Amino acid sequence: MRLHIGTEPLPSRLQRLDARLKLLVGVALLLGIALTPRGHWGALGAYATLLLVLWRWGAPGLPLWRTALWLSPFALATLPWLWLTSGPPMLTLGRAGTGLIITQTGLLRVTDLILRMVLSIATAGLIVGTTPWTALLAALRTFGLPRVLISSMGLMLHYLGLWVASAHTLQRARAARSFEWPGRRAGGTLAWRARITGGMVGNLFLRALAQSERTYQAMLARGFDGEIRTLPFSPLNRRAWAVSLALAMLGGLLGQLLP
Amino acid sequence: MVPLILAMHIPDGFLAPPVLVGGWLLAGLVIAWALRALDGDAAAHRLPLIGVMAAAIFAAQMLNFPIAGGTSGHLLGAALATLVLGPWAAMLVMTTVVGVQALFFQDGGLLALGVNLLNMAVIGVWVAYAVQRLVNLALGRFRWGQSVSAFVAAWASIFFAALACGLELALSGASPAAVVIPAMGGIHALIGLVEGAITVGALAFLRAARPSLLQPAPLPPAERRGILVGGLLTTLLLVAAAPLASTAPDGLERVAEDLGFITRATEPAFHLLPDYTLPALGEGALSTIIAGLIGAALVLGVAWGVLSIRARRAGH
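Residue numbers (this note's numbering), protein chains in the order written: chain A, 1 to 259; chain B, 1 to 316.
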């Protein structure tokens, strides 16, 4: 999980683009990757090339490779297909007869799944890494996401720094009051440690409840009527919409058009 | 220290389009229902609560404790939010948490967000709520009953969300059903113990510091019906997926085969549903599904009977 809330994206060509257009093209690319039939290697290669070009042109300072190579534990879940997919054998792991037989079809299947995951993570990384969170939320609102969810996400991101700092303070306090004795483990039994951690979580909950009440009263005092307002987007010209729609259509259809 | 990761945020690229659409439809419907329930003045009042609590849950997920062998455990928080705030508010809090994790931290995919919301914000919350209510019906009169029901609810919220996650991956062809469902269930059955222990600890703190916060509300008839319908739908879904389960022998059978003492096993006096099938229908998928339905009905009947006897003794 990358914690970059509070830091503005680095200045770049993609960072200067309107958040609505980035979201439109990004979601179309994600849909295109998801809908690409299995075995269309040309299409997956084209998506990889397109993303590489967008990255080098639009945000070369973004450490996208690190994001894209961040393999989720789900990549492990695909590995059994290596030996459970029938096909021409490639390699035997372990002793002949009882070992696992890796098949060519299995390897292609796993490569296809992991490649799609890496491409999807890179696409999302390009959008998120080049867009301030306020602009991304405003763009989501433009595309019809309910106002309550947008506002609650905005509030969560606004208060995240405060609660993460509180959590760290609680952890520091626990560490300061625990000590290691030679030959004795610090921190009591497993149940005791779980209870203490639970107590810290409960403490955080109680503080958050009190904070939410104070926040509501402060918002009411400033004339809050149920909607958190943001600055409106500047109107987009037709050319920008047309180019973005064309890119979105291309991104969505690439997987169907190429072999 | 390696954290015991809750492997439940499915990334993009793994799920088949029908599963993605199904996830968005189901999660969207239930979340829209929750948003409708929150309309009007209540929405303005609850909004800061949802936003601030979502941030607090996110931060609480960072509070970990050492377990063993260099691993540490932490909280997911769906059960705790449900037991403190009620299921509707908890669902919106978890929707906010999971949404922000996907949108801004790339923990879970953007297209897969519907499915991830279904697992963590819908199934995680309602399973915790239903299990806590049901266990409380049986054990609520004992002093320790509240802690047991919270522990079981927190464990079940993790376990069932993980099973749903495994089922979705299997239906998408991302991983073999016989591997991913037992693996997700097995790992999260252990992680659920951590969730249960932290939830009980948090509730013990809240009970001591602010007892009024945890006063149980009587179960309204509409919610009672909701629990019944939700439970039946979950049962039907799991029974329909039963033919996906592995036909390979279970752990004990495999060991018995390998060590050569499987032949010493004696047959039972009678077979009701041999190998989870109906003998008249053979060994096909339909036979397994019908056997599952009969089994579920039997368990429901026994549970209903025990609870009825208890309610009669309590004079309700």
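Each hint should be verified, as a subset may be incorrect.
The following residues of chain A were derived to be distant from chain B, with all beta-carbon distances above 12 Å [claimed, not checked]:
id	residue
1	W41
2	A46
3	G58
4	M90
5	G94
6	Q104
7	T123
8	V128
9	L149
10	R195
11	A240
12	W241
13	L250
Restraint ranges, calculated between C-beta atoms of paired labels, are given here [claimed, not checked]:
id	chain 1	residue 1	chain 2	residue 2	range
14	A	L52	B	G186	52 to 60 Å
15	B	G186	A	G183	29 to 37 Å
16	A	Q104	B	L213	53 to 61 Å
Below, a sample of chain A positions facing chain B; criterion: calculated Cβ distance under 8 Å [to be verified]:
id	residue
17	I33
18	T105
19	L107
20	T111
21	F143
22	G144
23	V148
24	I196
No wet-lab data here; the hints were simulated from the structure. Keep in mind the model is a prediction, meaning the values are calculated, not measured. Where a beta carbon is used, it is the ideal one built from N, C-alpha and C, also for glycine.
Cut-off 8 Å, beta-carbon criterion: hint that A/T111 touches chain B:
This hint is violated: A/T111 lies away from chain B, its Cβ roughly 12 Å from the closest one there, beyond 8 Å.
Just double-check A/L250 for me: nearest Cβ-Cβ distance to chain B has to come out over 12 Å.
holds (18 Å)
Taking the minimum C-beta separation from A/G94 to chain B, is that value above 12 Å?
Since the minimum Cβ distance to chain B is about 16 Å, A/G94 lies beyond 12 Å and the statement holds.
Would you check whether A/G144 satisfies its interface hint, that is, whether its CB is within less than 8 Å of any CB in chain B?
violated (12 Å)
Reported absence of A/L149 from the contact zone with chain B (all CB gaps over 12 Å):
Not fine: 7 Å to the nearest Cβ puts A/L149 too close to chain B.
Would the non-interface assignment of A/M90 survive a Cβ cutoff of 12 Å against chain B?
holds (19 Å)
Does A/I196 pass the interface hint, meaning its C-beta sits closer than 8 Å to a C-beta of chain B?
With a closest approach of 7 Å, the A/I196 hint holds.
A/L52 versus B/G186 beta-carbon gap, inside 52 to 60 Å or not
Violated - the Cβ-Cβ distance for A/L52 and B/G186, about 39 Å, lies outside 52 to 60 Å.
Cut-off 8 Å, beta-carbon criterion: hint that A/I33 touches chain B
Given a least distance of 7 Å, the restraint on A/I33 holds.
Nearest-CB test (12 Å) between chain B and A/A46
holds (16 Å)
Is A/G58 truly not at the interface, in the sense that its beta carbon sits beyond 12 Å from all beta carbons of chain B?
holds (18 Å)
A/R195 and chain B, when compared Cβ to Cβ, separated by more than 12 Å
The assertion about A/R195 is violated, with a minimum of 4 Å to chain B.
In summary, the structure is inconsistent with hints 7, 8, 9, 10, 14, 18, 19, 20, 21 and 22 from the numbered list given earlier, while agreeing with the others.
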